[in-house]
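Peer 1: Using the sequences provided together with the hints, build the complete structure.
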Amino acid sequence: MKKLNKPDKAAVKSKSASFVTSLFCYALLILVSFIILFPFISKISASFMSVEDMYDRTVNFIPRKPTLDNYKFVMQAIKFASTGLRTLGLSLLCAVPQTFVAAMTGYALAKMKKKLGKIGMGMVLATVLVPPQVIMLPMYLKFRFYDVFGIVNLIAGKQINLLDTAGGVLPFIILSCTGMAFKNGIYIFLLRQFYKGIPEELEEAAFIDGCSTFKTFFKIVLPVSVPMMVTVFLLSFCWQWTDTFYTNLFLKSDAVLSTAIFSISGIQQQGSGNFYETVIINTAVILAILPLVILYLFGQRKLIAGIERSGVTG
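Mapped onto our numbering, the consecutive letters of the sequence shown carry residue numbers 957 to 1270.
To be clear, the hints were calculated from the coordinates, so they are not data collected in a lab.
Since this is a predicted model, take the numbers as computed values, not measurements.
The reader is advised that the hints may include incorrect statements.
In the EDC-like style, the derived pairs of lysine to aspartate or glutamate whose C-alpha atoms are separated by at most 16 Å in a straight line are [unchecked claim]:
hint : residue 1 : residue 2
1    : K1152     : D1165
2    : K1208     : D1120
3    : K1175     : E1159
4    : K1067     : E1008
5    : K1021     : E1008
6    : K1175     : E1157
Peer 2: Structure representation (structure tokens):
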């Protein structure tokens, strides 16, 4: 029997260690994936269960009599078509200006002097660190009695109630256009990191050709940053779609899908005693996040590419 030389033994040990490490990593990934996906799979399974399956303790994940009655009931209860369209419109109204404002702010912070840029970025991140519940009451009162430096009160004789104007969407538009909307500090940070990775030679060449700062941003920088802007848009759209804090604060209870789900329990108790409340809520949650899953499937490449490129520089 041939003996192994020392280099051969080292190679075998290295391969064994690599195999054990890979096995451990795969096992850890499978465990984490199971923890993340288990609630989602259980909700999907419960949403297709019939009344008999709900009462049958032997039924766990695979329904014996799958049915779409739960989906039909939920779609009628929350008026899925109209509520979904309102949610889509509100999410777009917030995501589009948020993306554009975050792009301009992130570019300005990226090109500032180091000290000013760090101070500005710190102030932006402070808006993320402060919980929105802290400013909930003053924010509500600000839009309930809206005024700009007393000018509105001087001209109209009273303050404006923006919560009852245009269906209550004006506060969302104002917050999005001023860079103070939901999670806006995170979007500014991502775009700022992206812009810091753009070679300065591109901008210097544009300046030599006679481009102003704004023209350089719109003609050179903005087209290059499309992947990152798509990422920011998708994040903004998804977070606004599932938001319950601002929608509960400014809108009616059943105006969008994220808040309409909470009304399911009351409707279930009044008119549909055959259904478990948890099953109905699970079905409503699946319906609410289904458009986001479809959006992710179409935009996952841009999303991943943007996140990867956002951390090029510190």
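Peer 1: Does each hint hold? Answer for all of them.
Peer 2: Okay, the hints, checked on the actual structure:
no. : hint           : in the structure
1   : K1152 to D1165 : violated, 22 Å
2   : K1208 to D1120 : holds, 10 Å
3   : K1175 to E1159 : holds, 10 Å
4   : K1067 to E1008 : violated, 64 Å
5   : K1021 to E1008 : holds, 8 Å
6   : K1175 to E1157 : holds, 15 Å
Violated hints, in rising order: 1, 4; the structure is consistent with all others.
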